[in-house]
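On the provided structure of chain A, position chain B as indicated by the hints.
Each chain, written out:
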Amino acid sequence: MRTIKKTIMINQTKLVIEPGRAEKNYFADLWRYRELFYILSWRDISTRYKQTFIGILWALIRPFLTMVVFTVVFGKLAKLPSDGGAPYAIMVYAALLPWQFFSSSLTEASNSLVGNAQLITKVYFPRMIIPTSSIITCFVDFLISFAILVMVMAYYRFMPTLNIFLLPVFLLMAFAASLGLGLYITSLNVKYRDFRYVIPFVVQFGLYISPVGFSSSIIPEQYRLLYCLNPMVAVIDGFRWAIIGNTTFIYWPGFILSMAVTFFFVLLGIKKFRSMEKSFADII
Amino acid sequence: MMACYKGFLIMSDVVIQSDGLGKAYTISHQHRERYTALRDVLANRVKKAWSRIRNPHYYDHDTVEEFWALKKVSFEIKQGERVGIIGRNGAGKSTLLKILSRITEPTTGRVEITGRVASLLEVGTGFHPELTGRENIFLNGAILGMSQAEIKKKFDEIVAFAEVEQFLDTPVKRYSSGMYVRLAFAVAAHLESEILLVDEVLAVGDAAFQKKCLGKMQDVSTQSDRTILFVSHNMTAIQSLCSKGILLKKGGIQKMGDIDTVVNDYFSHEFLCQLVNEWNLDTAPGNDAVRVKKVHMLPESEDPVINVTTPLKVTTEFWICQDSVTITSISMALKNIKGEYIFACVTECSCTKGLYSAAVEIPGNFLNDDTYTIDFYFLKEATVLFLHQDCLVFQVNDIPRVSTGYLGKWVGAVRPTLHWDCSRLADA
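As you go down the protein sequences, you meet chains A and B in turn. Using my numbering, the first residue of the first sequence is number 6, and each one after it goes up by one. Using my numbering, the first residue of the second sequence is number 29, and each one after it goes up by one.
These are calculated hints, taken from the structure and not from any lab test. Hints may contain errors.
Stated by the list, open to error - The list that follows gives simulated cross-link-like pairs (lysine to any residue, SDA-like), each with its CA atoms no further than 25 Å apart:
(1) K201/B - T126/A
(2) K99/B - N116/A
(3) K277/B - D287/A
(4) K277/A - P332/B
(5) K277/A - G118/B
(6) K99/B - T126/A
(7) K277/B - A286/A
(8) K283/A - K99/B
(9) K106/B - G48/B
(10) K201/B - N116/A
(11) K75/B - A286/A
(12) K278/B - I289/A
(13) K99/B - A52/B
(14) K363/B - T289/B
(15) K180/B - L149/B
(16) K283/A - F103/B
(17) K277/B - G118/B
(18) K381/B - K366/B
(19) K283/A - A312/B
Chain A on its own, in the form it takes in the complex (with noise of 0.2 Å):
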């Protein structure tokens, strides 16, 4: 029995910790924490509308006002154009769809690991974990408002065509760019902790920025691909796409730059999580 477990110890891989060592395994230690990612994700939902009926109803009431706001504003007092003739209410929520989930995973990821502080100090995991896990809470809230989009669609009694299959590949677009973003940030949060009161700033600039409330198609031709660079604005006009049909089009060089752009924030992030995950301890 005793030589047994000695031949099964010898055959075990060995751990060896030492300055810098941390990097080699660490994506397939990813891989071995799995379980917790999936069930960090699952307490964070849980316990979200656990608590209250309110949690729900949040998700609801929060990106139909705004969708009522914008229409209003935008639609019925500036009369701006509506893409590719569809209702205004129903491009503005389109758009509003990505962006709350962007701006919420933002939030949420950027707070994430001051939020989780007693469990960074108290066992080893790779830390990437927290953050993503928090961003699938918002997915949560993500298909909880797309309930009011099919509401508000049957209302219009608007058809969408068979884009709406290519929806996820947006989703995943806004998914990357939150993740990128958020790592940066809340690396940043973990080592100055007044970071977090620029982020509802830069959520509400960005609101502005990003082609929410309007198409981006009246956009000024000139600065087209300028107004690209937000990562955004690929995920907004592709929603756009998806939900509304051909009749919108995408503008395939903005598009690829706002792709490109998301990719470089997503690398960016992941290497100054990477660089500052080991002194997550220390610090928080």
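Leaving out everything else, chain B in the frame of chain A:
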């Protein structure tokens, strides 16, 4: 040569091999806060830039100091060994466990670990008050590194150990603190890992449960040949659970070896409290009537460490400086560290001008393990002429208890060994 060396290590079952491990924290003198604020960083940059503009020879005064929580720590731990890590607060015990469990990375050195490591640095890490007991078992298990399948397999065992069957579907925020700790420890106790790192978790929970936990840890390590590293301030628990010890002092290894030797070493280095206090006539505490020359305490045994069995002798030497003063009685009062009086003991005398010595004996097997302070009262009838307060501080240590399985703190202000008579009266 190197490969051969490594092969040898595996053969001899070394599961943790640490070489020159060190961990430095930087302390910046300008920022005393725990974490930096962006506001301050920006403000400082502007301030420094401004100072440079005004004075090109400006020197940056913000010195950064390194504090080494661990320094050159090297040791080997073999499979199945139970090692107690002891030392004062700040000696580096927790930092060592944090490095071994990969929570923080070392600044220097290297550790090789063979086998799966589970660390229990706190009871109930990640418990969520809104979730039920059942949900928290799965959550906490996953956080400690168990797979869901593993938890499912052990679920009933965990629940039985924690004794919370009826409350499984109650949110843990409604649990009593005892139930909470029991559930948390139960999950941790069922971790299946080759190496278990435990930090001071027995400081919580009631005595009976502590005993159960220690018993569980003992079972686990003897039956399945697991390696345990155990940090605690409870020497009794450490001595009964561990076979080897590592004594840390200021980040370095002070002593390593057999647990009893290491614990004795710890006591004799750390707790030789104020057993002698001596003054000359100018600085002597006292007043016009009485001046104390010297107080001292001798353990009436060879061992320099005072434990609960050691008889003690406390002596005060004092001058009576004036002809008119007479002392009719001297009283010694013993207080515990909280300042509560344990007892007072008085002797009658008639001392006039001169130098005196008064000694009182405290028998062995009488005091409990605690830190005590001594007061001397010099009295003339009912009047206190001089109260010499807290003149000695000493620590009484516990001894390993073999016969009783109980390892928690012995209750009571004193622990006298009294005569018992236990006899059988009749067959039942």
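Right, here's what the structure says about each hint:
1. K201/B - T126/A: holds, 22 Å
2. K99/B - N116/A: Violated, because 34 Å separates the two Cα atoms, which is more than 25 Å.
3. K277/B - D287/A: Holds, at roughly 21 Å.
4. K277/A - P332/B: violated, 55 Å
5. K277/A - G118/B: Not OK: K277/A and G118/B at ~32 Å, beyond 25 Å, violated.
6. K99/B - T126/A: Judged against 25 Å, a Cα distance of about 21 Å means the pair holds.
7. K277/B - A286/A: Holds, at roughly 23 Å.
8. K283/A - K99/B: holds, 19 Å
9. K106/B - G48/B: holds, 18 Å
10. K201/B - N116/A: holds, 24 Å
11. K75/B - A286/A: The given pair, whose Cα atoms are some 30 Å apart, is violated under the 25 Å limit.
12. K278/B - I289/A: With a Cα-Cα distance of about 24 Å, the restraint between K278/B and I289/A holds, given a limit of 25 Å.
13. K99/B - A52/B: holds, 8 Å
14. K363/B - T289/B: violated, 30 Å
15. K180/B - L149/B: holds, 23 Å
16. K283/A - F103/B: holds, 24 Å
17. K277/B - G118/B: This hinted pair holds, its Cα atoms lying about 8 Å apart.
18. K381/B - K366/B: violated, 36 Å
19. K283/A - A312/B: violated, 56 Å
In this structure, the hints that do not hold are numbers 2, 4, 5, 11, 14, 18 and 19, in rising order.
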